[in-house]
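Peer 1: The chain contents come next:
Protein chains: 4
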Amino acid sequence: MSSTLEIQSPPRIAPSWLARYQAVRTQSTALCAPLLPEDTVVQPMIDVSPPKWHLAHTTWFWETFLLREYAPGYQVFHPEYAFLFNSYYNSLGSRVNRADRGTLSRPALADVLAYRNHVDAALAALLAKPHELPATFFELLELGLQHEQQHQELLATDIKYILSTSPLAPAYLPISEKANVQAAAPVASATWLPVPGGICRVGFQEEGFCFDNELPAHDVLVAPFELQNRLVTNADYLAFMEAGGYRDFRFWMGEGWDLLQAEGWTAPLYWVQKAGGWYRFTHHGLLAVDPAAPVTHVSFYEADAYANWAGARLPTEAEWETAACHFNATPEGGTWLESNALDPQPLPADADPSACHQLLGDCWEWTYSAYHAYPGYSRAAGALGEYNGKFMVNQLVLRGGSCATPENHIRISYRNFFHADKRWQFTGIRLAR
Amino acid sequence: MSSTLEIQSPPRIAPSWLARYQAVRTQSTALCAPLLPEDTVVQPMIDVSPPKWHLAHTTWFWETFLLREYAPGYQVFHPEYAFLFNSYYNSLGSRVNRADRGTLSRPALADVLAYRNHVDAALAALLAKPHELPATFFELLELGLQHEQQHQELLATDIKYILSTSPLAPAYLPISEKANVQAAAPVASATWLPVPGGICRVGFQEEGFCFDNELPAHDVLVAPFELQNRLVTNADYLAFMEAGGYRDFRFWMGEGWDLLQAEGWTAPLYWVQKAGGWYRFTHHGLLAVDPAAPVTHVSFYEADAYANWAGARLPTEAEWETAACHFNATPEGGTWLESNALDPQPLPADADPSACHQLLGDCWEWTYSAYHAYPGYSRAAGALGEYNGKFMVNQLVLRGGSCATPENHIRISYRNFFHADKRWQFTGIRLAR
Amino acid sequence: MSSTLEIQSPPRIAPSWLARYQAVRTQSTALCAPLLPEDTVVQPMIDVSPPKWHLAHTTWFWETFLLREYAPGYQVFHPEYAFLFNSYYNSLGSRVNRADRGTLSRPALADVLAYRNHVDAALAALLAKPHELPATFFELLELGLQHEQQHQELLATDIKYILSTSPLAPAYLPISEKANVQAAAPVASATWLPVPGGICRVGFQEEGFCFDNELPAHDVLVAPFELQNRLVTNADYLAFMEAGGYRDFRFWMGEGWDLLQAEGWTAPLYWVQKAGGWYRFTHHGLLAVDPAAPVTHVSFYEADAYANWAGARLPTEAEWETAACHFNATPEGGTWLESNALDPQPLPADADPSACHQLLGDCWEWTYSAYHAYPGYSRAAGALGEYNGKFMVNQLVLRGGSCATPENHIRISYRNFFHADKRWQFTGIRLAR
Amino acid sequence: MSSTLEIQSPPRIAPSWLARYQAVRTQSTALCAPLLPEDTVVQPMIDVSPPKWHLAHTTWFWETFLLREYAPGYQVFHPEYAFLFNSYYNSLGSRVNRADRGTLSRPALADVLAYRNHVDAALAALLAKPHELPATFFELLELGLQHEQQHQELLATDIKYILSTSPLAPAYLPISEKANVQAAAPVASATWLPVPGGICRVGFQEEGFCFDNELPAHDVLVAPFELQNRLVTNADYLAFMEAGGYRDFRFWMGEGWDLLQAEGWTAPLYWVQKAGGWYRFTHHGLLAVDPAAPVTHVSFYEADAYANWAGARLPTEAEWETAACHFNATPEGGTWLESNALDPQPLPADADPSACHQLLGDCWEWTYSAYHAYPGYSRAAGALGEYNGKFMVNQLVLRGGSCATPENHIRISYRNFFHADKRWQFTGIRLAR
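Same order as they appear, the protein sequences are chains A, B, C and D.
Numbering follows my numbering, in which position 119 of the first sequence is assigned residue number 119; successive positions increment by one, without gaps.
Numbering follows my numbering, in which position 421 of the second sequence is assigned residue number 421; successive positions increment by one, without gaps.
Numbering follows my numbering, in which position 286 of the third sequence is assigned residue number 286; successive positions increment by one, without gaps.
Numbering follows my numbering, in which position 140 of the fourth sequence is assigned residue number 140; successive positions increment by one, without gaps.
Bound-form chain A, shown alone (with noise of 0.2 angstroms):
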């Protein structure tokens, strides 16, 4: 999801589309409603990208896929806005590098609004009249919000990012009750539940949407494992830190431990040390770090490296599926985008000892294999065909979404995936052994 989306939907026309395409746009710029302008404009990493460049660029797609191929005599809105807001389609023509998104002030914010208000108005004349539409109208359709949905979880994690670099430490959203409650006792003791192996088939399998990268569906076979009924929590993370985790190379890769180094690594991102114990920066500026809530912010060498010092590893994503499916995981009930009023943090598992808890929602998962394609992938043809397929090597896989994921954008089967050394997702640690 650094980039990326892809398409295997089944066209169809529903009542429902023209109020879903409004659900979505709004949930955007409703991310977006607590900002400055001032806070829509900076880059402060390369990862990151500033909120009005994520608000252009969602439309600049809906524009480029949908509006400029079927809807008669659209206008564009602005000629130079397919330079300024295309991401990284080599297809699409040349476009601002990616490390010069901050260095724009213009176009200013309202500008970029107006731009969603052109976009959104021909979008409902065009969906006024669904029937005289094609079905690789629908496709896309789905695509656009699938696509929009992705990059709310990215305005979510870069919102954060783009606070936590002032040292005010500014408040996204003014603080909740329920955000700065700690839990009322310690978290239960994680324990190991057991996943048969065989032949498992994994991918995309069901009705509905999924992207390229989740097919085709295939065979893999599994050895019987164990995993943790819940993701580890900031306390058992901090047992590691003080026993010297950061310290000693045997836990970590090379690579992790020349990282940790060379970046003075002591902690998870955004976490800070003050007198009375560790803080960590949140959508409500600082708030002292809850035992009882998942570890979060850490890089795949942080996993990894934590993992080893446990005694455990971490599960591939064919044993993450398998046991999501033995499970029967389902959003419900997890952590997501919309379940704290646009205020994502991962929250304490439930206590029970039998249940596998927070599979889906809370926190990607780690897993330890390399986001490549499944065999019989094929890139799609056209732009579209560069969305997954070209970064299918050097990355690894994250499985389950987090808190800040759309709660009806998560399945099973989706395959996120970032390089090792990323930190600024809600990204968390499962353990398998």
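Hints listed in this document are in silico derivations from the structure and should not be mistaken for laboratory results.
Some clues are possibly wrong.
[Said to hold, decoys possible] The calculated BS3-like cross-link candidates involving lysine-lysine, where the alpha carbons are at most 27 angstroms apart (straight line), are:
| # | chain 1 | residue 1 | chain 2 | residue 2 |
| --- | --- | --- | --- | --- |
| 1 | D | Lys274 | D | Lys422 |
| 2 | A | Lys422 | C | Lys422 |
| 3 | B | Lys422 | D | Lys422 |
| 4 | A | Lys129 | A | Lys274 |
| 5 | C | Lys422 | C | Lys274 |
| 6 | B | Lys274 | B | Lys422 |
[As the list claims (entries may be wrong)] Quick list of the computed label-pair ranges, beta carbon to beta carbon:
| # | chain 1 | residue 1 | chain 2 | residue 2 | range |
| --- | --- | --- | --- | --- | --- |
| 7 | B | Gly311 | D | Ile46 | 29 to 39 angstroms |
| 8 | D | Ser94 | A | Pro34 | 28 to 38 angstroms |
| 9 | A | Glu332 | B | Ile175 | 34 to 44 angstroms |
| 10 | A | Pro34 | C | His218 | 47 to 57 angstroms |
| 11 | B | Ala33 | A | Asp350 | 37 to 47 angstroms |
| 12 | B | Pro196 | A | Asp100 | 14 to 24 angstroms |
| 13 | D | Ala23 | B | Ala223 | 33 to 43 angstroms |
| 14 | B | Arg95 | D | Leu259 | 11 to 21 angstroms |
| 15 | A | Arg201 | C | Ser189 | 30 to 40 angstroms |
| 16 | A | Asp100 | D | Ile46 | 22 to 32 angstroms |
| 17 | B | Arg95 | D | Ser354 | 45 to 55 angstroms |
| 18 | A | Ala262 | D | Ile46 | 15 to 25 angstroms |
| 19 | D | Ser94 | B | Gly277 | 26 to 36 angstroms |
| 20 | C | Ala355 | A | Trp192 | 46 to 56 angstroms |
Everything numeric in this text was worked out from a predicted model, so none of it was measured.
Where a beta carbon is used, it is the ideal one built from N, C-alpha and C, also for glycine.
Please arrange chains B, C and D on chain A, whose structure you already have, making use of the hints.
Peer 2: Just chains B, C and D now, with coordinates in the frame of chain A:
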């Protein structure tokens, strides 16, 4: 002025201090009035500071050097601002890395403007009782005004650079009649005016304020020389370009030639070649290059290469100052920040071949003199000692002020200085031989 | 092998240990015999180590892991050598920064050769009384021999790179008849050979030595597939080049495309276009590209792009190993370091269309499998635990050995690994579908 | 001298040309005689060139400017050498990137020595018939000799740097009695000697050779000043270090302070603190710092900071030259490259408090004067015009020669120049006030 400011001012109590303070302060905010909040945040290159930062840093200067010292019971506006808005004073503690100024969306523009109001009110209260203030207060008051004027010039040039980075070529101000009119006729050919040499006294010798780098006044031996009676024009410079000036290493300093190749320079900063010829980015967006106007936004390397190509050379700063005295240069009639409703651009020279034009105003003139301390110079004690002295190596002196300099900020003895590669100031070329 | 080596060897006492030790050690110095002292010092890129360093580092390995542990009264040759010639073992203290290996002219080559003699004498003395040595000694002895062979391959490839940087294109060896003769006829077209799938056992399952990364043997599910019966040739690859393969982003991984543009890649490493066509730098200087020989010195990105262009794909490592078992691949008849008088180059395949050629030897074959731990893998305790485990992320597996691999160093289960951008090894392409 | 050399020499035919040529050429190879071939290849930092390169580049100079022009039928030794051994002459085509000189193991040292012999023989043949040669030939001959002497100084300093990078601290030469003996008694305190000012003539005014940067001689106005009668010693400098000189930003230029922090400077280059106190790396390996000897291997930033701490300043180059004339400085008795059997190090000054010591020899003395063209300077035509003129910005002048300068290479008017951060030359400090 890439940094720097210093004091050498007889203290005095004048009825107009408050009015002058308010006039200077108002000019800073007036310069930012045409901007959107988005424009005030970004830092597209390290030399440029966000306008919001300029507005805050100048305010921090008043708070730090005057209010904290002389206003009993003064409450600092925010305890973190000293860290956020210190520019380069090691004496005053750590600060935001210069390259990271553009990542800080907070404090917001509105907060910075409130900071300005807070400080202005406290200053006004102090100035209501001038007889209770010591002489040193007025020295610092003068320095603060000069400092704020220096940042006004930087505001003008930084705003230009910021807006230039957008492919939309946004206009800072709507186009005025004046800006878009090309000179009716070509400017007259430059003439050579003789300047007698001898033992000349340079440095500040008047009453009133000057920076410490203009002191002490001292004698230098200057051989008789000739100076051109006007700045090099765009037409002159185009001849150099068309003669292959950017492709022939023989005209260039070695480090300049390497830079030209690495950066792909083929024209001054802001120039763009289009179907109809050369255009340049201005405060009004893209406008055609006016052949009669002085060439500007050239580095020392380009100024020097042009001079070599023209069979001439750049003057030394002693020559420049001697000539300015000889020709009785005064600010009147020059082109200044106030000349054109905050729309800075150098203008064509008067046609009189016997007079020396544009010595003050229009463009800072590169000299072939390193920015070194004058004989007998000594740094001031305390934090103010960091203003000028620590920059006195590896830079070159520029003289005369520019169309972005406040008119009452200039003097014949004024020494500005930049590294040889800098182009975003209104720098120009005058030939000597 | 960019680093790394590990042990899993039944200890044994054989009459031939000393002879084998001496044969291996002699091969290392023989590889350096054609070099001048000057050639043994330089490091023209970070992946390449100076030959002098290889000679010393392999010696340090014997001294550190065997002599210091098992030779009573052994005197280290020089106390600083542990710092100078440790490669990457954090367990064994600080060391010369890898990028700085090429700045050290001292110790001189003669000193390094004396170091080798000193250590060889001590080892020979130990091996004179094998019955006094414990089983673990022989495990380490085997590991040391394997380690030294790995560095022999690096010596061959690093020497090639070092000599290639001189515009004189110096020859490591005088030209031989064999090297310069082009294949009389074009190589036969590649054929597709079917490989049955099923649950296949991969990993080391024999008697004898293997590295820890080949363990444990385990089952994987492999779908039936087809494999080409020979490596991709220079003629094949030229067709890709001539079809615009290096100019069409659609064939490339995103990171590969960015690299191609940044580096200006238009052909494999060492290829030079001259009037008469394509040449390549070899151990004999510049020679014409032989259309019938396997293409080599390609990155994973190039191998993958070629496969995409050809409508095929790279095999996974499980597929490769399954095929190698299926076709009973053996080292006999392959092209190895010893095949051609220390003059490594891959040779054209036999013409039989029904056999599978070149699986072992000639070129390391890029697979589309990340270099990860096998299920159940665990790192060894102590310094030797750093050899393989810490590299198991962000690299890709290569299989089969090359013309620079010592013949008795290879196995079907052998896992080599490099980052996707590396080209200076003898890497090649085999297609699957 | 970081580059550069130029001519202003009356042609003359003298019986000793051949002998002088051979003496100079022999000195270059003599400097390399103690080296191993390995030492002649490496380039541990960009300012340092491999000794092999120096030996070849000086030879290329003779071939290019003399033999190709004046020796009928001369055959170049190798057609690629012009590319390999051109230093920075754009007029003469492309060349090896300066930073890559240390990656070229070939041509071998033996080939370079053969190149020298080839060129020397051709030169000797030419010089056998001096009456057939034009005056311009002898101008270039003189220039070639001066050029080679400049590279002898660089050979001495580059060799020192190269050997210093090995933790073995290898000695270039076996230790001599002289080198290791500390001064019996502390050196006498420095005294201040008055120098009268006035209109002083600077620049070369003698018969014979000088570089073009010493011309034209011209008048400058110098105010009366005082100069210390000797160089600053290690004992003096240790007092600065012990007083916290490297930890107090107030003494430092801003760019120097930033560099100090980035590089972690706490002492001059080559100094190492050990149990017994401070040591420095020398041509004999590590030796204790001699308190009485002049401090050397300091940057301009350190020299300037020391002067600020001491309440003094560095002289300008006009002051230095005026003083050298006033005190009748001569090379006799100074410490030069030949003084100590090619083992350069500055020596303690004579104790006479009324004389001015060490003006010529021992250490190059940093001045506070930018390296700019003298008034009226013009670049020569052709390739030789690139020698000096293109470096005349952003560097500082040093005066007086050092213990690594050939004795007959120096003049009072000689202008050496380096960037303010350079430390690997034998640079030192003399105070003025």
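Peer 1: Now tell me if each hint is right for this structure.
Peer 2: Evaluation of the provided hints:
Proximity of Lys274/D to Lys422/D is assessed by CA-CA distance (about 25 angstroms); at most 27 angstroms being required, the pair is judged to hold. Proximity of Lys422/A to Lys422/C is assessed by CA-CA distance (about 23 angstroms); at most 27 angstroms being required, the pair is judged to hold. Pair hint Lys422/B plus Lys422/D holds up; C-alpha atoms about 23 angstroms apart against a cutoff of 27 angstroms. A hinted pair counts as satisfied when its Cα atoms are at most 27 angstroms apart, and Lys129/A with Lys274/A does not qualify at roughly 59 angstroms.
Annotation: proposed proximity of Lys422/C to Lys274/C holds, straight-line Cα distance about 25 angstroms (limit 27 angstroms). Of the pairs offered as hints, the one joining Lys274/B and Lys422/B holds, with about 25 angstroms between alpha carbons and a cut-off of 27 angstroms not exceeded. Checking the proposed 29 to 39 angstroms range against Gly311/B and Ile46/D shows it holds: the Cβ atoms sit about 35 angstroms from each other. At about 57 angstroms, the CB distance of Ser94/D to Pro34/A disagrees with the hint of 28 to 38 angstroms.
The supplied range of 34 to 44 angstroms is broken by Glu332/A and Ile175/B, whose beta-carbon atoms lie about 59 angstroms from each other. Restraint check, Pro34/A to His218/C: a C-beta distance of roughly 51 angstroms satisfies the suggested window 47 to 57 angstroms. Checking the proposed 37 to 47 angstroms range against Ala33/B and Asp350/A shows it is violated: the Cβ atoms sit about 56 angstroms from each other. Separated by about 52 angstroms at the C-beta atoms, Pro196/B and Asp100/A break the suggested range of 14 to 24 angstroms.
In this structure, Ala23/D and Ala223/B meet the distance hint of 33 to 43 angstroms, their C-beta atoms being roughly 41 angstroms apart. Distance hint check: the CB atoms of Arg95/B and Leu259/D are about 18 angstroms apart, consistent with the given range 11 to 21 angstroms. For the hinted restraint 30 to 40 angstroms between Arg201/A and Ser189/C, the CB-CB distance of approximately 37 angstroms keeps it satisfied. Distance hint for Asp100/A and Ile46/D: a CB-CB separation of about 29 angstroms, consistent with the stated range 22 to 32 angstroms.
Distance hint check for Arg95/B and Ser354/D: the Cβ-Cβ separation is about 50 angstroms, which falls inside the suggested range of 45 to 55 angstroms. Distance hint check for Ala262/A and Ile46/D: the Cβ-Cβ separation is about 23 angstroms, which falls inside the suggested range of 15 to 25 angstroms. In this structure, Ser94/D and Gly277/B meet the distance hint of 26 to 36 angstroms, their C-beta atoms being roughly 34 angstroms apart. For the hinted restraint 46 to 56 angstroms between Ala355/C and Trp192/A, the CB-CB distance of approximately 50 angstroms keeps it satisfied.
Hints 4, 8, 9, 11 and 12 from the list above are not met by this structure, while the remaining hints are.
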